[in-house]
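Peer 1: Each chain, written out:
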Amino acid sequence: GAGVSQSPSNKVTEKGKDVELRCDPISGHTALYWYRQSLGQGLEFLIYFQGNSAPDKSGLPSDRFSAERTGGSVSTLTIQRTQQEDSAVYLCASSSWTSGGPDTQYFGPGTRLTVL
Amino acid sequence: QKEVEQNSGPLSVPEGAIASLNCTYSDRGSQSFFWYRQYSGKSPELIMFIYSNGDKEDGRFTAQLNKASQYVSLLIRDSQPSDSATYLCAVNNRGSTLGRLYFGRGTQLTVWP
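Residue numbers (the working numbering), protein chains in the order written: chain V, 81 to 196; chain B, 4 to 116.
In isolation and in its complexed conformation, chain B is listed as follows (with noise of 0.2 Å):
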């Protein structure tokens, strides 16, 4: 059964803060994992995606990869009030970067003015 897991939050930072959201796979021969976005009411939207171990950065997001420890973070600098959401980790099939996606239960995140 693969699963993916998430701290369910909520998470809670102020204005300018760096917030921190992890996620931890089961299936280790997963190899595309992907971050989205979701505002209340609204579908989920794509914020980046990693494949291979270390850091990939993006403006104010960055994603950490550890494929041995079977972990994938998103950190967000400069946190926004307009960064408010459920954040959606989701990792794809094994030995396969096509396919259907297998998504946590997601982090609520509130930035605070």
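In isolation and in its complexed conformation, chain V is listed as follows (with noise of 0.2 Å):
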């Protein structure tokens, strides 16, 4: 079956411009996550969705960032006043918690962001 797809895979921009990154979940995933990785850095977390509940923002790191999720399905992430320290590559990820167990993310191709 189809994975978590991501648009554009790559992403070059100006400083100053907004942008934004597209996220489709596996189908059926009702929790989709943002991350993002930095050259030689680990995966730094951003915001989680889950349901309808509200979702979990703690790890944004600047107001310039948000992110909706639509329909319970896409999110995009949108990144305003783009500055140089946000080029990385944004990953998002879905899972689907069945109750018992541990809540599997999988993770789609990534955005690879560059801003000039």
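Source of the hints: derived by calculation from the structure; they are not laboratory data. Here the structure is a predicted model, which means the values were calculated and not measured. Take every hint as true, because none was put in to throw you off.
Simulated crosslink set (DMTMM-like; lysine to aspartate or glutamate; CA at most 25 Å straight-line): (1) V:Lys137 to B:Glu8; (2) V:Lys137 to B:Glu6; (3) B:Lys45 to B:Glu8; (4) V:Lys95 to V:Glu124.
Starting from two chains that each stand alone, build the complex the way the hints lay out.
Peer 2: The structure is reproduced here in structure tokens:
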């Protein structure tokens, strides 16, 4: 079956511009996560959506970052007034938690963002 | 502050050897533990998870968990050059099996023919 998809795969933008990154989770998965990975660094959590619950935004690094998830499926991560330090690979993951089991997250291919 | 520590490596083993990857975590309440493999330029892919003390085997891979020592490891038997990648250890939240994962920085493994 189809996995997590993300678009665009690469995005080059100028400092100060806004960007939107899209994630389409695995069909039926109720949870959706955004992480980012800078060169040589581990994965940094950004935000988590679970069903109709309020999202966990505790990882967003500044108020320039926001995300929404429409209809419990597709999610968009928006970065306003991009800065060079925002350059990273942005990874989306989704999961379908079943009672009694661990919440296993499956990752999309990522969007490589370069801010010039 | 939740922390997940891994030996950064690089770890280099010959083909056919056992590769041992280690991970420690600081949050004693963590309940689920995951190993992901990440090839250069690719996204992480799940190898296996473990949430009970002891060993869990899946093919050439064995995960070992010791909650008392806050230690989880991954053994790769009969290592192959195709196993060359960065291995990421991840743990979940205290008291819950849901939600964000905390990742280590990864251990780079090279298997030479």
